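> Next come the chains, spelled out residue by residue.
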Amino acid sequence: MVADDPRSWSADEAVGALYAAHWRRFVALAASLMGESASAEEVVADAFVTLHRRWDRLADKGSAVAYLRTSVVNGARDVLRHRVVADRRRPLPDPAPEGPEEHAVRASEHRAVLAALDGLPARQREVLVLRYQGEMSEQDIADVLGISRGAVKTHAHRGLSALREAMSREDHQ
Amino acid sequence: MSDVTPSGPLPDPDGDDDLSPTARRLRDALAARAADARPTDRLEEIRMTSRAARRRSRAWSAVAGVAAVVVVGGGAYAVTQRADDNVSTVAASTSAAPETSAADPSSPASSSAATSASSASTSGATSSASTTDAPATGAGTGAATGSLPSGAATVPVYWVGGQPARLFREYVEAGTGENDPTNALRAMLAGKPSDPDYSSPWSADPDATVTAGGGRLVVDLSAAAASGTAGAGGAQLAVQQLVHTVTAAAGSNDPVEVRVDGRARPSLFGTTVAETVSRAPQAEVQAPAWITSVTPGAGSVTVKGVGTAFEGTLLYTLTDAAGTEVARDAVQAGANGTFGEFTFTAQVPAGTYTVAVFAPDESGGEAGPVTGDTKTVTVS
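If you read the protein sequences in the order shown, they are chains D and P.
Here the first sequence is numbered in the numbering used here, starting from 1 and rising by one per residue.
Here the second sequence is numbered in the numbering used here, starting from 1 and rising by one per residue.
A couple of the hints might just be wrong.
As the list claims (entries may be wrong) - Residues from chain D shown here face chain P by an in silico Cβ test under 7 Å; the list is partial: (1) His22; (2) Arg24; (3) Ala28; (4) Ala45; (5) Val65; (6) Leu114.
Hints in this document: simulated from the structure, not taken from any laboratory.
Just so you know, these numbers come straight off a predicted model, no measurement behind them.
For every residue, glycine included, the Cβ atom is placed at its ideal position computed from N, Cα and C.
Whole structure, please, built from the sequences with the hints as guidance.
So, in structure tokens, the structure goes:
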């Protein structure tokens with residue numbers, strides 16, 4: 001068994017424990033950031049390999065999750081930067097279609113808001129994804145995106161306003 | 001839309017009270033999508049890549065000076081677990097970038113491509129130990145249908161070896177073909193394995209190609225490429241050799257369609273090939289033990305590899321130039337059909353040795369000889 005204290009972990013143990021706890025959610029986060037899922041696993045796998053490589057020199061092992069998350073965000077953005085714009089938005093697969101009707105209704109609401117999210121300018125989308133999926137603080141988002149906290153607020157506000165408008169258009173149709 | 005910058009903090013995702021309906025709806029939709037995500041399990045691949053990176057950084061200088069050492073990449077079997085359609089996401093331009101400080105997480109995106117690209121160049125050894133197989137697709141061609149990775153410096157090629165015959169993998173220098181799978185295919189057909197124990201029934205075809213489309217990899221060969229003989233039972237292994245090679249280089253599990261002079265379902269080595277062929281189960285075609293690196297030290301030699309055995313126990317021997325066995329011991333690898341890494345260090349005086357790793361015969365000899373892997377190493 002691996003002890004609970006990350007400082008006692010070997011690189012292998014750290015990767016194993018963090019993979020078990022975070023692989024899925026980081027892949028989902030990367031997929032949301034990139035607007036497609038095909039490359040998300042690669043980005044997150046790379047982040048784990050990087051963590052393993054630097055583990056012994058990682059000053060604050062207690063922050064390994066934050067380190068990993070930063071790697072994932074940077075990796076996802078790096079991919080996006082190099083991608084042709086037209087190629088960027090391949091749709092994510094729809095949530096599982098099976099299930100009770102209620103689930104179907106919710107899924108359709110989800111699709112609408114996610115489609116609106118995908119239509120936002122990149123920065124707004126990034127801020128909203130990091131905030132509401134990555135559950136990152138304003139300061140963390142500012143740090144990882146290299147912008148001010150004020151800019152984070154502005155992008156979040158504009159993004160949510162645009163989503164609200166898109167939703168209300170949808171509701172009135 | 002309003003341009004007014006709000007003054008308060010962002011709504012707390014955990015405190016529903018402050019969350020606007022729009023924000024809540026977004027959060028729930030993102031959570032639902034994340035909950036429905038079923039990413040491939042890639043822990044083993046991450047581990048193999050990580051270990052390979054370590055091995056390189058620790059052992060490379062020791063390996064470099066010894067001409068007798070043959071190094072092949074570790075961990076090809078990780079490839080078989082890759083999701084279809086995946087793409088290396090790291091910009092190819094990161095090659096050989098010096099590592100930044102561990103305390104600086106600002107640029108960790110350049111991970112595995114950097115480590116794999118920086119490996120083989122320092123050595124006379126035959127191959128890169130890149131286990132990612134991950135074909136850097138020049139940054140960002142995406143995973144569109146029909147795209148195959150290209151630009152890798154080395155490509156995986158499978159060879160036939162041992163008795164009974166099984167597949168072994170080496171990395172070879174990529175040629176100038178259009179994509180990595182094409183380069184791997186041509187290298188396989190050209191048939192120049194680094195390890196003299198390996199062979200290939202195929203014949204050279206410098207115009208052979210691999211393309212992708214319709215969820216399959218399409219291999220185009222000339223009849224001359226399969227004009228040799230593969231021996232009894234060799235035809236199927238030869239086809240698996242081809243399938244393993246192109247899928248490994250493509251980073252894909254897609255089925256492979258082989259066309260000879262444009263015709264589908266060709267006859268190869270006397271056997272008609274199905275319209276598409278996928279990788280056979282590892283345990284049926286892959287050698288039970290691969291030696292992936294042999295590193296001489298002072299009075300010792302360290303051997304690493306990948307293998308599988310009943311209850312995970314492989315055997316190794318070191319034999320000196322006179323044919324005398326100087327070391328024999330067991331080593332743990334993967335058990336019962338799963339492949340796992342092994343490593344051992346044997347203490348030996350200076351000299352040239354043959355290292356052999358093989359699965360022990362559990363049948364009391366009834367099953368006949370067992371396929372092992374051997375390498376030659378000089379300890380100074």
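> Confirm or reject each hint.
A quick look at each hint next to the structure:
1. A distance limit of 7 Å between C-beta atoms decides the matter here; for D/His22 the minimum to chain P is near 11 Å, and the interface restraint is violated.
2. With a cut of 7 Å, the hint placing D/Arg24 at the interface with chain P holds, because the nearest CB-to-CB distance is about 6 Å.
3. Proximity of D/Ala28 to chain P holds as hinted, the smallest CB-CB distance being about 3 Å (cut-off 7 Å).
4. The beta carbon of D/Ala45 is positioned within 7 Å of a beta carbon in chain P (closest approach about 5 Å), and the interface hint is therefore held.
5. With its C-beta approaching chain P no nearer than about 11 Å, D/Val65 sits outside the 7 Å limit, and its interface hint is violated.
6. At a threshold of 7 Å, the smallest CB-CB gap from D/Leu114 to chain P is about 5 Å, leaving the interface hint in force.
Consistency note: the structure conflicts with the earlier hints numbered 1 and 5.
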